[in-house]
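Its first residue numbered 1, the sequence shown is counted upward by one per residue in the UniProt record's numbering.
Just so you know, the hints here were simulated from the structure itself, not pulled from any lab data.
Mixed in with the good hints, there may be bad ones.
[Said to hold, decoys possible] Taking lysine to any residue and the SDA-like style, the derived pairs with C-alpha atoms no more than 25 Å apart in a straight line are: (1) Lys-42 <-> Leu-26; (2) Lys-42 <-> Val-53; (3) Lys-61 <-> Glu-34; (4) Lys-9 <-> Lys-63; (5) Lys-17 <-> Ser-35; (6) Lys-61 <-> Pro-18; (7) Lys-17 <-> Thr-55; (8) Lys-59 <-> Ala-43; (9) Lys-60 <-> Glu-34; (10) Lys-63 <-> Tyr-51; (11) Lys-48 <-> Arg-28; (12) Lys-14 <-> Gly-27; (13) Lys-42 <-> Lys-59; (14) Lys-60 <-> Thr-24; (15) Lys-59 <-> Ile-29; (16) Lys-17 <-> Tyr-51; (17) Lys-17 <-> Leu-64.
Please read all numbers here as calculations on a predicted model, not as lab measurements.
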Amino acid sequence: MARKSNWTKYFSVKGIKPGIIQHTKLGRIDLSDESIPVEQIKALYDAKCVYIVPTEEGKKKYKLEVEVSME
1 MARKSNWTKY
11 FSVKGIKPGI
21 IQHTKLGRID
31 LSDESIPVEQ
41 IKALYDAKCV
51 YIVPTEEGKK
61 KYKLEVEVSM
71 E
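Produce the complete structure using the sequences and hints provided.
As structure tokens, this is what we get:
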């Protein structure tokens, strides 16, 4: 039996209800599926997908600095 990735420990979805998105470079991804490899979600984050934000645990694990919007 395959182990669940549970990428939600490291990243969360912001601004939309988790579901299917179409990314221009990474294709169709279902953000409601917690078994997606965390590397794929990190690739979305690295590709500046505005719907993916790191959790505190994700910031530590991946040494991420989150830009603060001044809006």
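Here's how the hints hold up against the structure:
1. Lys-42 <-> Leu-26: 11 Å, holds
2. Lys-42 <-> Val-53: 9 Å, holds
3. Lys-61 <-> Glu-34: The given pair, whose Cα atoms are some 18 Å apart, holds under the 25 Å limit.
4. Lys-9 <-> Lys-63: Measuring from Cα to Cα gives roughly 15 Å; hence the hint holds.
5. Lys-17 <-> Ser-35: 17 Å, holds
6. Lys-61 <-> Pro-18: The hint holds at about 23 Å.
7. Lys-17 <-> Thr-55: 17 Å, holds
8. Lys-59 <-> Ala-43: 14 Å, holds
9. Lys-60 <-> Glu-34: With a Cα-Cα distance of about 20 Å, the restraint between Lys-60 and Glu-34 holds, given a limit of 25 Å.
10. Lys-63 <-> Tyr-51: 19 Å, holds
11. Lys-48 <-> Arg-28: Roughly 16 Å separates the two Cα atoms, so the pair holds.
12. Lys-14 <-> Gly-27: 19 Å, holds
13. Lys-42 <-> Lys-59: Holds, because 11 Å separates the two Cα atoms, which is no more than 25 Å.
14. Lys-60 <-> Thr-24: 28 Å, violated
15. Lys-59 <-> Ile-29: 22 Å, holds
16. Lys-17 <-> Tyr-51: 10 Å, holds
17. Lys-17 <-> Leu-64: 24 Å, holds
Against the hints set out earlier in the document, a violation occurs for number 14 only.
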